[in-house]
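Visitor: In the order they appear, the protein sequences are chains R and Y. For what it's worth, numbering that gives the first Met the number 0 labels the leading residue of the first sequence as 0, then goes sequentially. For what it's worth, numbering that gives the first Met the number 0 labels the leading residue of the second sequence as 0, then goes sequentially.
Each hint should be verified, as a subset may be incorrect.
Unchecked claim - Label pairs and their in silico Cβ distance ranges:
#1 148/Y x 151/R: 37 to 47 Å
#2 137/Y x 15/R: 46 to 56 Å
#3 1/Y x 109/R: 51 to 61 Å
Unchecked claim - Counterexamples of contact, computed for chain R against chain Y with all Cβ distances above 12 Å:
#4 4
#5 46
#6 49
#7 51
#8 52
#9 87
#10 90
#11 91
#12 133
#13 136
#14 161
What the hints assert, rightly or not - Straight line, CA to CA, 30 Å or less: simulated DSBU-like cross-link-like pairs of lysine-lysine:
#15 175/Y x 12/Y
#16 128/Y x 147/R
#17 157/Y x 1/Y
#18 128/Y x 1/Y
#19 12/Y x 1/Y
#20 147/R x 43/R
#21 43/R x 1/Y
#22 43/R x 128/Y
Honestly, the hints are just simulated from the structure, not real lab data. Quick reminder that beta carbons are idealized off the backbone N, C-alpha and C, glycines included.
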Amino acid sequence: MAQEGWSRTVADALRRNGIRTFATVPDFIVSQVLEHLWADPECKVITVTREEEGLGLLSGAYLAGQRGCLLMQNSGLGNCVNTLASLNNANQIPVVMVISHRGDLGEYNPAQVPMGQAAERVLEALDVRVSQPHTVEAFESEADGLIKLAYTRSMPVAFLLPNDLTGGRYSS
Amino acid sequence: MKRDACTRLLAEKLSDEVVVTNLGQATLDMQQIADRPLNFYTFGSMGQCSAIAMGIAISRPDARVISLDGDGSMLMNLGQLCTVANTAPANLAIVVWDNEVHQTTGGQPTATSMRTSLAGVARGAGIEKVLEPQNEEEAAAAFDRILSEEGPFFVLVKVDAGPAGGFMQRDQLGYKLRFMQALAALPSDQ
């Protein structure tokens with residue numbers, strides 16, 4: 000079961016922290032956040048073809064003075080590894096990532112599991128500070144602080160969203 | 000055509016445009032020929048040069064943005080051409096120096112040395128203004144167009160293989176800060 004209102008809570012936290020430029024390769028879960036952003040004329044949402052392309056785009060936006068957020072599934076994190084390291088970390092270019100955590104508790108698709116189990120350690124290896132909020136209240140208690148840290152530290156940060164927050168995706 | 004001669008042709012025409020350069024040859028060429036605060040140099044993240052340029056272009060629609068990319072790097076991220084075509088920032092031009100080799104790693108051939116046309120890929124992605132200058136005179140005319148007309152443009156320039164001269168300066172953080180300050184100081188006409 001999803002936590003009531005989780006997707007609006009996430010969208011609102013991003014917006015109240017000044018993020019207006021979004022890149023995404025959508026999935027079932029982050030699309031619920033995207034619905035709020037697509038409906039907001041102040042938000043620029045660009046669907047890219049591969050997640051690391053989104054990091055390039057949002058890095059350009061940051062260089063031009065705009066805060067950016069990449070919304071994706073954790074499989075997309077795998078596609079982002081070198082760009083996170085050699086573009087964001089090496090140049091100290093912050094970005095906020097919102098990542099749906101497939102391949103963890105309750106997963107039905109075996110192909111999702113290895114990356115899902117690796118996701119936390121991949122982020123840790125790349126020195127990306129992570130929040131894994133299991134409730135709306137837990138998200139709210141960390142969201143502003145994590146986003147602020149991204150720009151104070153000039154490094155990427157990630158919200159890795161567990162199934163008990165989002166409701167996950169289950170096989171029909 | 001020679002890449003450094005074409006870079007000079009473009010550099011002579013620049014005023015307050017943003018230029019994003021691809022790791023390796025394009026970065027070294029611009030450092031040697033026309034180092035300027037509105038250059039953003041990349042040193043890694045192969046394939047992301049034009050994506051970075053697009054991010055700047057959509058964030059500063061008042062500034063003209065030019066990506067100087069390479070064939071090997073563009074081949075690594077062809078999908079970005081679809082994003083450029085469909086987002087269609089009018090202030091963006093992608094110039095690809097196509098030497099048909101991975102120059103920086105020793106000159107191994109790329110797909111464009113065989114059957115692949117990046118200009119064809121760009122058209123297929125949906126970019127309407129695709130230019131393929133065949134000599135320096137046509138290259139100069141193409142550069143005049145990308146500096147005056149609405150884009151997005153994709154300019155494929157076939158150049159001879161061969162490394163750029165000189166030594167690369169690698170003060171990434173210094174260059175980044177210089178670029179951000181220069182772009183922030185660039186008057187916005189909005």
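Visitor: Is it the case that residue 161/R keeps its Cβ farther than 12 Å from each residue Cβ in chain Y?
Guide: 29 Å, holds
Visitor: Just want to verify: residue 90/R was marked as not at the interface with chain Y; is every Cβ pair farther apart than 12 Å?
Guide: At about 5 Å from chain Y, residue 90/R fails to clear the 12 Å cut-off, so the statement is violated.
Visitor: Residue 12/Y and residue 1/Y: Cα distance at most 30 Å?
Guide: 17 Å, holds
Visitor: Do the alpha carbons of residue 128/Y and residue 147/R lie within 30 Å of each other, as the hint requires?
Guide: The given pair, whose Cα atoms are some 41 Å apart, is violated under the 30 Å limit.
Visitor: For the pair supplied as a hint, residue 175/Y and residue 12/Y, is the alpha-carbon distance within the 30 Å limit?
Guide: 23 Å, holds
Visitor: Since residue 4/R was said not to touch the interface, does its Cβ keep a gap of more than 12 Å from each Cβ of chain Y?
Guide: 30 Å, holds
Visitor: Can we trust that residue 133/R is non-interface, i.e. its beta-carbon lies farther than 12 Å from all of chain Y?
Guide: 33 Å, holds
Visitor: Does the no-contact call for residue 49/R survive, Cβ to all of chain Y over 12 Å?
Guide: 5 Å, violated
Visitor: Does residue 43/R pair with residue 1/Y here, judged by a C-alpha cut-off of 30 Å?
Guide: Roughly 39 Å separates the two Cα atoms, so the pair is violated.
Visitor: For residue 87/R, which was marked as not at the interface, is the minimum beta-carbon distance to chain Y over 12 Å?
Guide: The claim is violated: residue 87/R sits with its nearest Cβ about 9 Å from chain Y, within 12 Å.
Visitor: Regarding residue 1/Y and residue 109/R, is the given constraint of 51 to 61 Å on their beta-carbon distance met?
Guide: Since the Cβ atoms of residue 1/Y and residue 109/R sit about 53 Å apart, the hinted range of 51 to 61 Å holds.
Visitor: Is it true that the CA of residue 43/R sits at most 30 Å from the CA of residue 128/Y?
Guide: 24 Å, holds
When each numbered hint is compared with the structure, violations occur for hints 5, 6, 7, 8, 9, 10, 11, 16, 21.
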